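Take the given structure of chain P and dock chain D to it, following the hints.
Those protein sequences? They're chains P and D, same order as listed. First residue of the first sequence: 1, per our numbering; consecutive thereafter. First residue of the second sequence: 1, per our numbering; consecutive thereafter.
Hints in this document: simulated from the structure, not taken from any laboratory. As the structure is a prediction and not an experimental result, all values here were calculated from the model. All clues given are correct.
The list makes no distinction among identical chains, and a pair is therefore deemed to hold if it is satisfied within one copy or across any two copies.
Within a straight-line C-alpha distance of at most 25 Å, the following computed SDA-like cross-link-like pairs (lysine to any residue) qualify:
id, residue 1, residue 2
1, Lys315, Asn238
2, Lys387, Ala290
3, Lys168, Val412
4, Lys140, Thr71
5, Lys403, Thr73
There are 2 protein chains.
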Amino acid sequence: MYNYTIYCILGSFLITSSFELEQHAARKANLNRSLWPLKSSDSLKYSLKFQYTYSTAYFTLPVDHFGFANTDTYQMRYLYNMDYWDKNGGTILFYCGNEGDIEDFAINTGFMWDISKQMKAMVVFAEHRYYGKSLPYGDKSFKDAAHLGYLTAEQALADYAVFLTSFKATTVGAANSPVVAFGGSYGGMLAAWMRAKYPQIIIGALAASAPVLQFEGVTPCEAYNEIATKTFARYGSNCVENVRRSWEAMTDLYNSGASGQAYLKKAFNLCGDVKTADDLADLKGWLTGAWGNIVMVEYPYPADFLQHLPAWPVKGVCDNLQQPYWDSPSTLVTQISLAAQAFFNYSNSFSGSCFNTTSEPDTLGADQGWGFQACSEMIMPMCADNKNDMFEVSAWDLDSYVKECAKTYGIVPKPNWIMTNFLGVNVTGATNIIFSNGLLDPWHGGGVLRSYPEQNITAIIIPNGAHHLDLRGHNAADPVDVIAARDMEIGIITQWIADYQREH
Amino acid sequence: MYNYTIYCILGSFLITSSFELEQHAARKANLNRSLWPLKSSDSLKYSLKFQYTYSTAYFTLPVDHFGFANTDTYQMRYLYNMDYWDKNGGTILFYCGNEGDIEDFAINTGFMWDISKQMKAMVVFAEHRYYGKSLPYGDKSFKDAAHLGYLTAEQALADYAVFLTSFKATTVGAANSPVVAFGGSYGGMLAAWMRAKYPQIIIGALAASAPVLQFEGVTPCEAYNEIATKTFARYGSNCVENVRRSWEAMTDLYNSGASGQAYLKKAFNLCGDVKTADDLADLKGWLTGAWGNIVMVEYPYPADFLQHLPAWPVKGVCDNLQQPYWDSPSTLVTQISLAAQAFFNYSNSFSGSCFNTTSEPDTLGADQGWGFQACSEMIMPMCADNKNDMFEVSAWDLDSYVKECAKTYGIVPKPNWIMTNFLGVNVTGATNIIFSNGLLDPWHGGGVLRSYPEQNITAIIIPNGAHHLDLRGHNAADPVDVIAARDMEIGIITQWIADYQREH
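So that you can see chain P by itself, here it is in the shape it has in the complex (with noise of 0.2 Å):
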């Protein structure tokens, strides 16, 4: 057993070439899976095409919605675009933006800006307090605890709420205006409580990909390796029986002594060393992110982050773990080293002449807000088994995971907090929330995949969509499912606009 993290691509589907999110403090705590999520880079949108227009303004708001004691306000940026929208009242679709800049989620929630049109609606995309360009305390914002602790998902929810009464008194026309939320993974998590805890603000939300029961206590560690599993399972049970026997075949040639060592980082072309058990740690933790995070991204079309990733880039992997090849570590490793060419350089498009596998965790990025998150009170356990997944056996220990959270960042860490303060594990104390869930993704262990029709709590299973597919702009390979759900969530969105029209 070793210790390893994982690069989540949580909402933002960033992947930075170099993987330099790790927290190598982290990774040596024995924190397990967590919801890092990937720094965005200004380097990563040379390819990305801004498909949509909006502008850019700044609301003020306190750091502090619910004490007094610190009186700081902030700048909060948000996006929005009126060309659709309808003055009389029209509807407002509105993004909780969640952990990384706002623009990238502007530009990759097409769903909302294809609707638009036909709702005549405005979109608002929200960005997340200490991300982007919305850092309470600019170059000091992750200082210290002192200046990260208002980091909290409760404080963002809070910072939507106020920004949005002010918003519709203060623009002509949206007084009256029905405002839907919607989110991705955690910002679909953050649009699934804010119709919870402020109902008298929005009508309704879509939840995509959002795990708010991937908790303490409540979903089982296991969920999110077993479904990636599953996923890669898709392209044969050699696929995944290679993975899952490579983890030792790593370690049996790190054990060989310098030759095997040496293998390793040739077969891998690694930048550093393996030459150290930490080392070893480092290149596993590398491909444990690899393959937790591309069943994400298992999009039936190319897209275009990073790597240039083709669609279904899963079987891109698969294709070069086709055979069993655990008769031979080297072997082994070889194919293992080409499927992962297949995530991190994908025609070529990995810039660098070879890879790190790790990184020291930079001054001023998303990664340091999510790993605080990550670490005080959105705690997801993660673990594995090498049975019922492909990945090396982890345990999940809460105990050791808050205790070195606490001794990184100097606080409390509350993993029991989320459940208490948002939905809990009965959802039924909310209404008109979509839960929309693709079966590729892992995160959906975490979700809610049942509907509880009294309380119009939707649950919409998209059985060949990744994270958050269906809030990507329609696209000619879409799968009929993924079609169906838009269309179901239109109409439920729909139905909560008439609602709230006839009764104001």
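Relative to the frame of chain P, chain D by itself:
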């Protein structure tokens, strides 16, 4: 127009004999009628019959639930009684403590005790942070904004949510117990908001006399004083007219010079002189407080708080004001003084030799807590016009109120936050709430008076009820409408419990 402050008995029912609670600074600052609580004084309890027995315990909670900059914890006091509790998942009747010592609420919320037997329920009373013995920073709790800043309704509700979650998990037989929240006045607001924000933790709320709409831009500032005047008018139009004209009479006497000023002092048996405009304002504020408060305790039976008020105490006041006395300022003032005695010194219960109309803020009392709350987020507009009401003209000036609050406490008041954060004008975002209101109680002006059957939100009007009469224990003198109200409340709560048990 002069400045006055009223002493409101919001929930605690307790009035100190010397009315020590006025915050001189606030009064001077043109703060109009606010929800000043009354300090809980040990001297008040001498005559209270402790009809109920309970155990006392403490629970450790974070000072800040919504952030991580402050890692302090504190001890919240709570009281409980399990005499009638069904240990097989019986119901928990939970009182959301408001601005005062929780023991006062425990002994003055007889309804919960009365129904605990038939419901086989346990009763639990949680003390609101910064009141009673639940002081987060001990005797430094009221020192400054850095210490006081965590005194908010949101933090108190989070206290209750975290406490209940743990309490249920650690109390044998309680893991799946339904919890029903109760509260009167501000405590009723908390109960309603508790259901709105934590529906997964409480199954429903009885919010008695809860002015959840008494906020900026929602309820007209005139409401309270107009209703108080109507309650006086039950005992004749001369009663109202005498009070209405008394303010000018007092001014006339004051303006007439030394003899008139001496007359005022003697007539009201004041300890201090009436030689300055401030003295006169103090006197008027003292009387305004009396008239504004007595309608809240217009109970149908003698109540044993402080002055041993008789049944229907407003009648006792108005008995002195049945004739038109306004032709002579001195005669009118004499009668007003007699009327005031009926409140301040009913059956010679007042033990002092003279009355103080002012006092300095005490260093560690409930008034300090509520003074801060009324200045930070619980800003409730009040005004009077001396036409539709009997009070002296007093305008509501939000800007100067907020300015003075900011100056007094070194904070940034948030007059719109409560309506943004909680139910809002349209309370239909929540379900399972009973809003009960007595029509004699001026606070019903800011209450929810209509039902929303689809949300199972039921408004119960109690025509002969004063401030949360329904929460008080059974009394032989109860009017039929409060008996009916309680029966209806029992029926609704029983249904909530049945619904919960069917689903769990």
